[in-house]
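If you're matching them up, the sequences are chains A and B in order. Residues 110 to 770, numbered by the numbering used here, are exactly what the first sequence covers, in order. Residues 48 to 365, numbered by the numbering used here, are exactly what the second sequence covers, in order.
Treat the hints as calculated values from the structure; they're not laboratory data. Treat the hints with caution; some may be incorrect.
Dumping the calculated EDC-like pairs for lysine to aspartate or glutamate here, alpha-carbon to alpha-carbon at most 16 Å [said to hold, decoys possible]: (1) B:K268 with B:E203; (2) B:K268 with A:D206; (3) B:K268 with A:D598; (4) B:K287 with B:E203; (5) B:K328 with A:D376; (6) B:K253 with A:D598; (7) B:K76 with A:D598.
For each label pair, taking beta carbons as the anchor points, the in silico distance ranges come out as [to be verified]: (8) B:H135 with A:L322: 41 to 47 Å; (9) B:A173 with A:F529: 34 to 40 Å; (10) A:H371 with B:P170: 33 to 39 Å; (11) A:P353 with B:A311: 47 to 53 Å; (12) A:W153 with B:D121: 46 to 52 Å; (13) A:W597 with B:G299: 29 to 35 Å; (14) A:H371 with B:G277: 44 to 50 Å; (15) A:E676 with B:S136: 17 to 23 Å; (16) A:L364 with B:K138: 54 to 60 Å; (17) B:H135 with A:Y149: 40 to 46 Å.
Yeah, the Cβ is synthetic: ideal placement off N, Cα and C, and Gly gets one too.
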Amino acid sequence: MLEHIKSFASGFFVTGDPMIYGADVSILLTILAVLFTLTYFKKWRWLWKEWLTSVDHKKIGIMYILSAFLMLFRGGVDALLMRAQLAMPNSNLLQPDHYNEIFTTHGVIMILFMAMPFMFGLFNVIVPLQIGARDVAFPFLNSLSFWLFFAGAMLFNLSFVIGGSPDAGWLAYPPYSELMYNPGVGQDFYIWGIQISGIGSLMTGINFIATILKMRAPGIKLMKMPLFPWSVLSSCIAIIFSFPILTATLALLFLDRYAGAHFFTLDGGGNPMMYINLIWMWGHPEVYIIVLPAFGIFSEIVSTFSRKKLFGYHSMVYAMMIISILSFLVWAHHFFTMGSGADVNSFFALTTMLIAIPTGVKVFNWLFTMFRGRITVRTPMLWTIGFIPCFIVGGLTGVLLSVAPADFQFHNSYFLIAHFHQVIIGGVVFGYFAGLYYWWPKMFGFTLNEHIGKWAFWFWNIGFYVCFMPQYVLGLMGMTRRVVSYSWDKGWWPLNLVSTIGAGLMGIAFLFQAWQIFHGIKHYRKNRDTTGDPWNGRTLEWSIPSPAPHYNFAVVPQVSELDDWWEEKQRREHNPYVPPAKEIIEPIHMPKNSGIPILMAGFWFMAGFGFVFHWLWLTVPGLAGVAICMLAHSFNDDSDYYIPIEEIKETEAAIRKVTTS
Amino acid sequence: MKVPKKLRWLATLSMLIFMLLISTGCTEKIIVLNPKGPIAEHQRDLMLISTVLCCIVIIPVLILTAIIVWRYRDKAGRKASYSPNWAHSTKLELIWWGIPIAIIATLAVITVRSTYALEPSKPLKASVKPITVQVTSLNWKWLFQYPEQGIATVNELKIPQGVPIRFEITADSPMNSFWIPQLGGQMYAMSGMAMTLYLQADEQGKFWGSGANFTGTDFAKMYFDVDSVGQDQFDQWVSKIKSDSPVLTLDGYKQLVEPSTLQARSYSSFPEGLFEMTVTKYASSHNHGMSHKDMLDMSTSDDHDSTHGEMPGMDMSH
Numbered sequence: 110m111l112e113h114i115k116s117f118a119s120g121f122f123v124t125g126d127p128m129i130y131g132a133d134v135s136i137l138l139t140i141l142a143v144l145f146t147l148t149y150f151k152k153w154r155w156l157w158k159e160w161l162t163s164v165d166h167k168k169i170g171i172m173y174i175l176s177a178f179l180m181l182f183r184g185g186v187d188a189l190l191m192r193a194q195l196a197m198p199n200s201n202l203l204q205p206d207h208y209n210e211i212f213t214t215h216g217v218i219m220i221l222f223m224a225m226p227f228m229f230g231l232f233n234v235i236v237p238l239q240i241g242a243r244d245v246a247f248p249f250l251n252s253l254s255f256w257l258f259f260a261g262a263m264l265f266n267l268s269f270v271i272g273g274s275p276d277a278g279w280l281a282y283p284p285y286s287e288l289m290y291n292p293g294v295g296q297d298f299y300i301w302g303i304q305i306s307g308i309g310s311l312m313t314g315i316n317f318i319a320t321i322l323k324m325r326a327p328g329i330k331l332m333k334m335p336l337f338p339w340s341v342l343s344s345c346i347a348i349i350f351s352f353p354i355l356t357a358t359l360a361l362l363f364l365d366r367y368a369g370a371h372f373f374t375l376d377g378g379g380n381p382m383m384y385i386n387l388i389w390m391w392g393h394p395e396v397y398i399i400v401l402p403a404f405g406i407f408s409e410i411v412s413t414f415s416r417k418k419l420f421g422y423h424s425m426v427y428a429m430m431i432i433s434i435l436s437f438l439v440w441a442h443h444f445f446t447m448g449s450g451a452d453v454n455s456f457f458a459l460t461t462m463l464i465a466i467p468t469g470v471k472v473f474n475w476l477f478t479m480f481r482g483r484i485t486v487r488t489p490m491l492w493t494i495g496f497i498p499c500f501i502v503g504g505l506t507g508v509l510l511s512v513a514p515a516d517f518q519f520h521n522s523y524f525l526i527a528h529f530h531q532v533i534i535g536g537v538v539f540g541y542f543a544g545l546y547y548w549w550p551k552m553f554g555f556t557l558n559e560h561i562g563k564w565a566f567w568f569w570n571i572g573f574y575v576c577f578m579p580q581y582v583l584g585l586m587g588m589t590r591r592v593v594s595y596s597w598d599k600g601w602w603p604l605n606l607v608s609t610i611g612a613g614l615m616g617i618a619f620l621f622q623a624w625q626i627f628h629g630i631k632h633y634r635k636n637r638d639t640t641g642d643p644w645n646g647r648t649l650e651w652s653i654p655s656p657a658p659h660y661n662f663a664v665v666p667q668v669s670e671l672d673d674w675w676e677e678k679q680r681r682e683h684n685p686y687v688p689p690a691k692e693i694i695e696p697i698h699m700p701k702n703s704g705i706p707i708l709m710a711g712f713w714f715m716a717g718f719g720f721v722f723h724w725l726w727l728t729v730p731g732l733a734g735v736a737i738c739m740l741a742h743s744f745n746d747d748s749d750y751y752i753p754i755e756e757i758k759e760t761e762a763a764i765r766k767v768t769t770s
Numbered sequence: 048m049k050v051p052k053k054l055r056w057l058a059t060l061s062m063l064i065f066m067l068l069i070s071t072g073c074t075e076k077i078i079v080l081n082p083k084g085p086i087a088e089h090q091r092d093l094m095l096i097s098t099v100l101c102c103i104v105i106i107p108v109l110i111l112t113a114i115i116v117w118r119y120r121d122k123a124g125r126k127a128s129y130s131p132n133w134a135h136s137t138k139l140e141l142i143w144w145g146i147p148i149a150i151i152a153t154l155a156v157i158t159v160r161s162t163y164a165l166e167p168s169k170p171l172k173a174s175v176k177p178i179t180v181q182v183t184s185l186n187w188k189w190l191f192q193y194p195e196q197g198i199a200t201v202n203e204l205k206i207p208q209g210v211p212i213r214f215e216i217t218a219d220s221p222m223n224s225f226w227i228p229q230l231g232g233q234m235y236a237m238s239g240m241a242m243t244l245y246l247q248a249d250e251q252g253k254f255w256g257s258g259a260n261f262t263g264t265d266f267a268k269m270y271f272d273v274d275s276v277g278q279d280q281f282d283q284w285v286s287k288i289k290s291d292s293p294v295l296t297l298d299g300y301k302q303l304v305e306p307s308t309l310q311a312r313s314y315s316s317f318p319e320g321l322f323e324m325t326v327t328k329y330a331s332s333h334n335h336g337m338s339h340k341d342m343l344d345m346s347t348s349d350d351h352d353s354t355h356g357e358m359p360g361m362d363m364s365h
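Looking at chain B on its own, in the form it has when it is part of the complex (with noise of 0.2 Å):
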């Protein structure tokens, strides 16, 4: 073929650039494959191990395919063989058959024992107890609530290192997802529902977060910070907000709720009991003859574990 000549060198230069982008310095921008906590490096495990699998027959294969092509091209003299009405072979059948379900068998084994390992909702073993964050997302901004602290941020989210920490998950606007790359994978955030997730830093250090769930105008304008720290520089992070910052207000709630993008910033105290209203706001139109105190009750009760993903008193079955 005369074409393709220039542009296997096209092809070849680009990967060049490409390997060449990759291998200088870039690769520690690959979060993902940079955990700095135990969920996180659990699914990237996850991430090895099944590409490695999958490679046991891709990789063959591939080689199989150029062989063919390369060695059945019709050319003049050629002398490999050419059977025009071989067309069966149970064997080789079973064989092909049987490799994919071999590697899928042993793959789904791998999966649903991780699926309940990881189970998002699902404490972390810990001798320390985990902290609570209850996050909103707003439009177009994350609202974090420290319930046990009694602080408030927006935008930014200081957690100690070695903690497990359990978000709380919910939105006062469209439906987004709360990730932390470096820290585990993410979990949606939807009104009327307070999804749970328990992630921990192993390590100290400054990581981003962000809304992965298109969200409108300034979606993508909602990266947020993420500071692991030491538990004292925690606490005193934590009295500086109290003695320093403002509070917030129900009023200033609202207004953060209103669409806008914001620096970050925080506050010393908020409304009690503000994340449950903001969940119960949209769940209580699901209530089957259950006053809205009733479930203010069963939301702020301690009774979480078992309500990954559905609000208490929403019935999904009516």
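Next comes chain A alone, as it looks inside the complex (with noise of 0.2 Å):
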């Protein structure tokens, strides 16, 4: 009996390497700690009542905001275990099993658990504030998607310890990703982790979408609307398009792996191509579904920040909604050099080359939005800043990439590594971490250490040239991507070292994030920010008092033009004798909380391991509990309540206490 748990043993959890042992140490005192404090605090209700069960926009997007900060850490400790390993030639730190499995980990975390949940986070927390609604559509739909992400992310993240992780790179190209090649369940911990997670993504998009078209206060006409949910909805557009293919991919792929079917694989009839076609009508729209709220972001802030009107409003809705529909449009510039011949390739060259255009319109608006203004740097507008040459400069390698001839010999090296860093750093994260600054006084109340911020932006913007600009010359050097080691005589070792200092700069980064945070909530009290409207800014999240009570609005804002809190603001200030108009409260319909989405995540957790494991005695109970979750809630008529006037009236004159105290 001892001899058969100890084979069963030795097979489930991940064994031999004395770092993973470590990682696992770590990991089980971190739970173990985290599970004491929350005993000793008595805080398991609180936790259950206000955070687990909340369908409140914003809880949601903080607790998005968190798990990504979780995942950024340890994509980042992949990203910097690489660089350890290529700092040396002929380096021996990580064995070539390990490093395959990290730079699979790495691309799947940082994109799809890392920038995925951080976008959501952020869509969650201001779309709603700046429309002036009080919850997104689906509110429990919302919690739920949150929650299939997390389950996803779990489920992928424990392959770290249980099985082993996938090793085929960020896509899992078949037919390396075959069980012919890759016998071991690393790839099916890939297929869950992302297929559960993946509902999640396409429910969030369909939300955001009603929310944005049909949740909108009163006279906030589409083209009045602030760029950051124009920017949402492009993005969610794509999302919609191209989530669907990502499932129907993995599902395939699942079907050749579980029940010994051949879409993919080299033997009856599969063809790998058509997985690669595929992974990138859904895997190109991708990336400009994480950067175009990027976009939008960065536009809220370059015009606040400047003191005025974003520069071509109507230009920067239509470039996104063009960059929203030519990503579709583009996928196979990720294979020129599959013999596809010149016509397909000529034509996706053109397509790609055109999602230049608007993307370069944009940049023009950003400069000319800041022209004219008067600039106050503060650190969401220095992350502005510092995007705008960067992605220029991605932008730029992106067309030298795109001209067909020209990306066989880019094609695969670490030219095309450091082009999509640049763009995915310099963009979406820049992109994030702006957006993150700018609304984390209305998400917590307080303001940061400006001074920290700064040191953080420093370390990360310097850190990424460092890093990523001597991998261009690598890449033309013949450096491959991918590789676990070189020699010496390629000439490779004294960038690679460069490089490496690079990422090594963007850890240190990211420790001055992480203590400027605790520095800030250990001095809260110090720097709360009482006036609601601690950058001056211009849409209506900041009409109100920050963090915002969980309604939103007492009285829903009747909007009359684009930018209508900065109008206000300028109405007020010449006509200071004009009492704003007299407002009426009424009660407010809300969602109440529930534990069902919390529980069905658990039930796909439980299917997904089932999966990877072959053990349908799991897999049956949690697809039977998933069901049951979902009658459950069909069959539950009390999900809303009102909120009685009083109570409003209450909270209204509580915060007012605060913020005049």
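Take each chain as given, in its own frame, and dock them per the hints.
Here it is in structure tokens:
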């Protein structure tokens, strides 16, 4: 019996590498510490009632962002390990198989479990506030989306200690990701981790389209909507058309691996090329999905901190919508070198170049928003100013890559690696950080220390260039991606070393950010945002207190123009004697919290885990649980309530007391 | 700003180190920009042209960014104009829709023309007859068969200078990519397909090639030497291998397919039709009513040029 358990455990748990044992111990200790703290301070009930079952978009947003930071940490450690391995030629720090797992998890985590939740977090916190809504269109679904993401992310990360991580690259090209070459469970963790969270992403896309189209406060015509909700709309349109492709593709790969089908296998009539086409039909829109909201954030920030209207609002809207549509027409530029022929390659090279046009227009509009403005360089603006040159250069190398015949030399090389990191870090990550710093006071009610924030920014920004500029050159020196080591004679050592130093600088930058947040929490009384409008903002979210009460707006605002809050402030300044219109408070209709989303995600997790290990005894009850949760929710009529007028008045009075004290 | 000064120093320092590294003897290692054949040369020129074209916009924009950020910073006594409601100018916006459109249009013309010109399966113009090398990506090594010479090598490619080489590329392993940076861009090696890639070395010398697409554990050991020599030397080399090297048998090939890494080696002969067999082994499942023999016949026929990217008999439309 004991032997039996031993042999099971040695296959079940990841063993052999001292680094992994170290990680195991630290994970276990962290979990124990969290459990102990919650129990000691009797916070379980609070956690369940206030957070885990909450359908409040602001709390869900914060949980998304918190998860994104955890994942940023993990993906960042992966990155540092890779750079440490590549710092010296013929390095033996990591074994090849371990290295392969690390670059795979780095990619998957950074895109799907860091960028996506970070983005959804910002959607959640800000979109309803900017359009004068009290919640999203489907609050229950929103909570379910979050928990599905969380279950998927945890399932994926579990592969680190149980069963082994996937190692086929972030897009898992077959035939390498098929059973024939990849018999372990890592690839199944990949499939189910992404599938479960992918369902959540799709639902979020639907949710925010509905929210933006149907829940805007009276007077916010589409063309009077701030740019951020516009960017969310364009991103969500891409989500609802692309994520079903991902789900279908991974389902087919799953059938290949689980049921012996032959969609993408080498034998039995399968065709790996089909997978590569399908995965990029999702994969390319995906990168625009994450970058469009960053464009929206920059637009908000650049206008606020230049104290000037956004230049070319209409151009900006059209540009984003064009990008959203064009993003579906460029997928084959990821495999110019697979012999599609000159006709196909020309077409996809042209569509790819076309995207540079609206993107270029956006840059000009940001610049001319600053032109004849009054620029105050606070941290959100610092990230925005850092973004512009970085993105311009990243865009340039993107255009170079789109020149199909030249791409035959760039493809799979570090030139490509440098390019996409430049647009993803310089565009997406800088954008989300800018957004986080910008809206932080609105989310938590206190401001962060600017001084530490500037250190963090400069370390990130300089670290970025030191890390990735050498990689362009390495690509031209013939260094290909995913190599675990290289020999002295290639001459790649000095630039790799520089690149590793840059990665280290970015690691330090992350520590600064963590310190900044702890510092902020420690001194939050001193840095309280009592105005609700710390940056002299322009849009509706700044018209209410920070943090926003759970119903957001005591009275639904009446909006008459773009940047309505700014105009309102101008009116008050010019006419201080006109009192604000008398507001009539009415009972507010709100959704009730629900424990079903977290339970359902738990059942999905069970089912996914069962699928990974071919344990039907776990899969079947898991899926049954999912079905029961759906039924339970369908028959639940007790899903909403009204906040009485008295309570609203009390809450408002309490907020005012805090803000005036 | 107080902080940035120190960090600016750091940035300057690191850039200096970077420049130093570039300028001190590393430049010849930037092999993509140091081509040795017509294809790589054309590709390098394309890179340079497109970079210059993009820089026409990008450099002024970068300078403009710096000027605007500097000039319109909020500082006491700032005299720069401030027009908070100026948010639209049709003229200006037409200019910056126009500039990228003009640049991209120019680049598009260049790209399309060169895409057709550099189509990898297009034979190179040359006075001499091209030689064929059949490339098979294996886990984790490259097998090169010279059907006209009747020899085969592993991880070592010798080619005559000035003669176009017609590479036929496939895989008996996960998908890889065959890349010799100094001769030209890469081409995927995929099971069930024989891709065509024409390259040529204009100079004699030693280069290297690699597997550019990830294929598993020892993927990083798939480098191979490329040696471009004079025709005489090439012929000598062939006859030496013919007389000295062992024979590659079918069993020997099966051993090669097994995952391993290998030093360079050579074979005086290989089983006839081995490459075609490797390709059709995977493609056979695609055949619709065609016998294995039909397909073998087709794939060994001379009509290769129309078959790039697709295996004969493999009809993608089904």
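Q.
Need the status of pair B:K76, A:D598: alpha-carbon distance at most 16 Å?
A. Within the cut-off at roughly 10 Å; holds.
Q: Look at the Cβ atoms of B:H135 and A:Y149 and judge whether their distance stays inside 40 to 46 Å.
A: 59 Å, violated
(Q) Verify the CB-CB distance for A:E676 and B:S136 against the hinted window 17 to 23 Å. (A) 21 Å, holds
Q. Taking 44 to 50 Å as the hint, is the beta-carbon distance of A:H371 and B:G277 inside that range?
A. 49 Å, holds
**Q.** Distance restraint evaluation - B:H135, A:L322, Cβ atoms, bounds 41 to 47 Å
**A.** Because 26 Å falls outside the window, the suggested range is violated.
Q. Does 46 to 52 Å hold as the CB distance between A:W153 and B:D121, or does it fail?
A. The hinted range 46 to 52 Å holds for A:W153 and B:D121, with Cβ atoms some 49 Å apart.
Q: Take the C-alpha atoms of B:K268 and A:D206, compute the straight-line distance between them, and say whether it is at most 16 Å.
A: 13 Å, holds
Q) Could one say that the CB atoms of A:P353 and B:A311 fall in the range 47 to 53 Å? A) 49 Å, holds
(Q) Range first: 29 to 35 Å. Now tell me if the beta carbons of A:W597 and B:G299 are that far apart. (A) 33 Å, holds
Q.
Verify the CB-CB distance for A:H371 and B:P170 against the hinted window 33 to 39 Å.
A. For B:P170 against A:H371, whose Cβ atoms are near 36 Å apart, the range 33 to 39 Å holds.
Q: Take the C-alpha atoms of B:K253 and A:D598, compute the straight-line distance between them, and say whether it is at most 16 Å.
A: 13 Å, holds
(Q) Quick check on a hinted range of 34 to 40 Å for B:A173 and A:F529, using CB atoms only. (A) 38 Å, holds
When held up to the earlier numbered hints, the structure conflicts with 8, 17 and fits the remainder.
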